[in-house]
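Kindly produce the complete structure, drawing on both the sequences and the hints.
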Amino acid sequence: MRTSASRAARCAAQRLQTRAYSQATRPRHLLSISDLSAGSLSSLVRNAASRKEAVKAGRTPPAFAQALAGKAVAMMFSKRSTRTRVSTEAAVAMMGGHAMFLGKDDIQLGVNESLYDTSVVISSMTSCMVARVGPHSDVVNLAKDSSVPVINALSDDFHPLQTIADFLTMYETLASARSSGPGLGLEGLKLAWIGDSNNVLFDLATGCIKLGVDIAVASPKGYSIPQPMKELILSAADGVKSPGRLSETTAPEEAVKDAEVLVTDTWVSMGQESEMKKRLDAFSGYQITNELAKRGGAKEGWKFMHCLPRHQEEVDDEVFYGPRSLVFPEAENRLWAAAYTLTPQSLQIDQAIQGLSKTYRTASCRQDLSFIMPESEPTSPVPRDDEADAPSESTPLLSQNDDSQNDPSSEPAKESADESKNRWRWPSIIAIIVLALLTLVVIGLGFVTPPAVREYVEKAAVLEPTSLSIENLTADGVRARIQANFHLDSSRVSDDGARRIGRFVTGAVRRLEADVSPVALRLPGFDNALLGTAVVPALSIDLVEGHHNRFDFVTDVNPGDSDVVRRIVNQWLAGELKQLKITGATELRLNSGIFPLGTHQVAESVVLQAKDAPSMPEYNISRLVVYDEPVGHHGKMVLAANASVSLYNEYLIGFDIPPVGLDVLVPNCNASESNIQVATILADTIHVRPESDVVVDAHATVSKIPESLTRACPDTKLSPLDSLMGRFLHGENAHVFVRGKVPAGSDLPDWAGSILESVVIPLPLGGHSFGNLLRNFSFSDVHFKLPSPFADPDDDSGKPRVSGTVQVLAALPAKLDVDLAVDSLRANGDLFYHGDKFGQLRLDKWQNANSTMGSEDGQQTIAIVSRVADAPIDILDGQVFGEIMQKLLFGDDDIVLDVKAAVDISVATVLGKLVLRSIPAEGKIPVKRPPGDIFGAMKPQIEDVKIMNTSETGVSLRASANLTNATPYTADIPFLSVHIMKEGHQVGEAIIKDVALRAGHNSGLSGYATWDPQTLGGESAREAGRRLLSDYLSGKKTSVELQAHRGSIPTAPALGEALSRLNLTLRTPRLKLPDDEEDEHTTGFLRAATFHVIRSTASFTLASPLQHDSVRILHVDATALYNHSEPLGRIVHDEPFDVAPGLSESPRLPVQWSGGRVGFDKLKKMLGGSLKLDAVANVTVALGEWTEEVEYRGRGIGAKVALFMEDG
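Take 12 as the starting number for the sequence shown in my numbering and just add one per residue.
In case anyone wonders, no lab produced these hints; they're calculated from the structure. The structure presented is a predicted model; accordingly, all values stated were derived computationally and were not measured. We put the beta carbon where it would ideally sit given N, CA and C, even for glycine. Mixed in with the good hints, there may be bad ones.
Only pairs whose alpha carbons sit at most 35 angstroms apart, straight line, appear in this in silico DSBU-like list of lysine-lysine [what the hints assert, rightly or not]:
hint: 1; residue 1: LYS957; residue 2: LYS1211
hint: 2; residue 1: LYS288; residue 2: LYS268
hint: 3; residue 1: LYS1047; residue 2: LYS856
hint: 4; residue 1: LYS935; residue 2: LYS856
hint: 5; residue 1: LYS232; residue 2: LYS90
hint: 6; residue 1: LYS911; residue 2: LYS950
hint: 7; residue 1: LYS289; residue 2: LYS67
hint: 8; residue 1: LYS939; residue 2: LYS728
hint: 9; residue 1: LYS589; residue 2: LYS647
hint: 10; residue 1: LYS252; residue 2: LYS268
Cβ pair distances, simulated, as ranges [stated by the list, open to error]:
hint: 11; residue 1: PRO1161; residue 2: ARG1057; range: 40 to 46 angstroms
hint: 12; residue 1: ASP885; residue 2: ALA755; range: 55 to 61 angstroms
hint: 13; residue 1: GLY1029; residue 2: SER791; range: 55 to 61 angstroms
hint: 14; residue 1: SER616; residue 2: THR712; range: 43 to 49 angstroms
hint: 15; residue 1: ASP1128; residue 2: GLY1029; range: 45 to 51 angstroms
hint: 16; residue 1: ASP885; residue 2: GLU1202; range: 46 to 52 angstroms
hint: 17; residue 1: SER616; residue 2: MET111; range: 49 to 55 angstroms
hint: 18; residue 1: ALA262; residue 2: ILE945; range: 54 to 60 angstroms
hint: 19; residue 1: PRO462; residue 2: PRO754; range: 54 to 60 angstroms
hint: 20; residue 1: SER791; residue 2: SER51; range: 51 to 57 angstroms
hint: 21; residue 1: SER280; residue 2: GLY69; range: 38 to 44 angstroms
hint: 22; residue 1: SER791; residue 2: ALA1007; range: 16 to 22 angstroms
hint: 23; residue 1: SER616; residue 2: ASP487; range: 45 to 51 angstroms
Next up, the structure:
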């Protein structure tokens, strides 16, 4: 009985001890989204996004890569998993930890061991447990008895990691300017859940309520959210300023109305397979499709999410694999959700396993577990957080504090100490004002002991700051909380004598006590100016080697000469400060036990190298929303921006910065001129925590555009804005400056405000290209102007010019929600075809433009339309340009040209008109090939021919032409010369002057031609020309080749050479003859014949195309054929006669009838009638001095037959 009572007393005492310990060190768990406040959930998502971007950009913070180094994470999965298992294992590996997968067949849980036993044992050996279970009570009980954090990786009721990944996906894709506060910018967004009410929905709905997202749930009757769960979800609104709203319906169309995100999940979860048929029948009509979204009225740019795995009945392929789907980014974000949830900033790793002795007492009180703390643990002047307070929501789930460094037997601790001794680390620099005081106290022992002891203390002392936090700013300085570890390590002392004497003396003294000591820190390099003062509280230090002293105290640090502080900061920022020497001095009153050691003047110095000082940390703009904002009641608008900037604080310092302001300054024309203020930024309270991500939420406004910002600098002719934007848009190093500003009503002390407003920090902007923002670039209503032959080569009229309508659709940078109006533009660009540069487009004059704001695929766009007039083009590569024209005129497909341009645009904003110069733009210009046979459709017809000059070998003429331009292009042609080619020989030349070619039918196009084959191409050319004339006069379908040459366009020989590569074959233009119809059918040059049987003569009706000149016939040798082959008669006539313009009658020509009877008998039978005859004739014609013999072959000539000659 006594034994039982004693055991009961021990168990009761043990329960009290366990309860006391658990209240102090109970880890933080994540069992559902309800465990997180709205702020914590937002912070977690933002930090996950920031960490993801940093890692993907190759900027992995070293602290993140080693966040779980030496730590094991137990993954206890009683259900199969793909994404959860892979993402968790990958996240742990990414942070240097080891993930142990423990499936249901790997451990004794449920076989020979209870959940309690499993929780206690596994948590004693690992740093965290990630559990995927069935009933939610399993993970709750696991967490209740665990000494390390437990993360719910899925239970029947909740799935918090999936919800974090979902909000990360929406934050990356849909966050906007809806909120300027600490939220995710998703406030007011509507999400529609279509499907079963399950664990994923419960956590997702809870998160929506917390973050101000409206969620509409559509489920069949009997599958809605259970009432107790609904009450839990709605309770998430408690304490939230603008919570989201939850609504339920059985109609999917009602849920998707105005929704921006559509979400579903499996309709048959694990363990519900027996209900499959029943569930599939119930959910019929709940499949997410484009038709459902359209029918229900979802927002235009709606997106789709699914946690996977997916089944066909839940969502069709068009949505699942389409551009609206976010399922695969959502799946990837499971990795980043797990990674940041497991970081030291999110969870608190079990500290007991690292340096604390554990004793398990499991007699008859198995339900209790005691952790026995070291009895010799020294006390601190101020209780430590981990001893006084239970973890709150702001407490990290995994702590980075590794107390193995406190173990004297730990080799890493020694190495770390050696490293910190050899190189000043920044935590020591930050804490130097206070931490140096601790060193002074210990070193003070050397002033009352032999020099050997002083050497021992100086070298053996290991001071490791663990935390420096700024409690608050006071009127005179800073109230700081210092936490540090101190011990003596004799192995660091190389002198054997000093080591032995030091160990003996410190062992004899054992404990050193110092009274409250004021310390002054001075700067010898700045005329011994006072850097600051501080007060070290009374301390008690155990000097026994290996014993670890933990210090935790609060002290006031007051800055000294503020002007000197400003000089130091500015010299460091300017790179002018190479090193900084700091000297600390104090009067120490020391005691050892009851023995006073007197008061001693102690002074020590430390030199800080600039290379060891912190540089500007890398930062990531995780959210930037620019928008127009009204100010006051007079309708005035300003440009505003909400931004979230995240950076990683790799140091041990922590503090809160009250709301401050910043002025954004742009560099002026030269460094001697004051920077130009363009914007004011107001930042919310900034919470800086040791070795954690720091998120800065800020609001900026630009109320006007300073004149000095846009005024051209005298040396470069570019304004400061031009210079800044030019460097930024071309990806070069661009920077602005930021200067501190104390906002009105700020609680910032005067001394801090004075320093803040005197420091100017350069802020690099990096660079950005907007080439990928061009969605479409088109050029329509194209009109060309060829160069004038009389223009100065440097004049634009001496170059080919193009006019047309330019249409550009550009996607605005994400989160740019402002009204922009582009009213004019100009540009200079290079033209490429298949990567080869062939020309330059110069648009030096401003062209009027207009723009329209819109959206496409959920992204804001701006459509710019400008009518470009007479933009000069320089052809640089004639071979490439010729290839383009060849494919355009004779190819089967459209062609695409690439353009790389520097564009100047004039933009009207709420602040006024702004000119942005040299914006790099890349785009494609599709050039459509004209449909059909464009040359066959031309149907050229020559009329109004006038002979201008003749020679023995040729003739020059002027004529007008009618033709059809079947292309969409038009052109003005002041001068163009082309060679007329036949069978590879030049037979003539055509010149066009002052012709305006329009789309469709063109008439009256004037031109000049020279026909002189012999002079231009020799005898072979003359024979080719004679054959061409013979065939043409005989009515055959003939063609000529037109070929450009270097002289085609006198002021642009390169263009002419490029065009010369075209093989342009045209049907020989039809000469308009008298009484011709407009169609293709003509009656030819020989219209009719009359044979006089008795007189044996014939006369002919001739049609001349010349309207101003007569053609002289010098010789005729012709044979008439009946039935194509029967000779009827022959005419040989050598007396010249003239053929007048228009229709005319020839003189009566003698006919020698054929000797055969068939033809003549036929002729007699047709007396008084007519018949159709063919004719073959060799005719010598003359125009002025030019003569040529041609062969004429006519078919189906109407011939009258008369007995006597008719009187005329």
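Problem - 35 angstroms Cα cutoff - pair LYS589, LYS647 - result: Violated. LYS589 to LYS647 sits at ~49 angstroms, over the 35 angstroms cutoff.
Practice task
Decide if the proposed pair is consistent with the structure: LYS232 and LYS90, CA atoms, cutoff 35 angstroms inclusive.
Solution key: It holds: about 29 angstroms lies between the C-alpha atoms, which stays within 35 angstroms.
Problem - Verdict for ASP1128, GLY1029 (Cβ pair) under range 45 to 51 angstroms - result: Given about 27 angstroms between the Cβ atoms, the range is violated.
Practice task
Would you mind confirming whether the straight-line C-alpha gap from LYS935 to LYS856 stays at or under 35 angstroms?
Solution key: holds (22 angstroms)
Handout entry: CB-CB spacing for GLU1202 and ASP885 relative to the 46 to 52 angstroms hint
Key = holds (49 angstroms)
Handout entry: Beta-carbon spacing of PRO462 to PRO754 - inside the hinted bounds 54 to 60 angstroms or not
Key = holds (55 angstroms)
Handout entry: Beta-carbon spacing of SER791 to SER51 - inside the hinted bounds 51 to 57 angstroms or not
Key = holds (55 angstroms)
Problem - 35 angstroms limit on alpha-carbon distance, applied to hinted pair LYS289 and LYS67 - result: Violated: LYS289 and LYS67 sit about 45 angstroms apart, past 35 angstroms.
Exercise for the section: Take a look at whether the Cβ-Cβ distance between GLY1029 and SER791 falls inside 55 to 61 angstroms. Expected result: violated (47 angstroms)
Problem - Satisfaction of the hinted span 40 to 46 angstroms by the C-beta atoms belonging to PRO1161 and ARG1057 - result: violated (54 angstroms)
Exercise for the section: Given the hint of 38 to 44 angstroms, check if SER280 and GLY69 actually sit that far apart at their C-beta atoms. Expected result: holds (40 angstroms)
Handout entry: Cβ distance range 16 to 22 angstroms for SER791 and ALA1007, holds or violated
Key = Hint holds: Cβ distance 19 angstroms, inside 16 to 22 angstroms.
When the structure is compared with the earlier hints, violations turn up for hints 3, 6, 7, 8, 9, 11, 13, 15, 23 and for no others.
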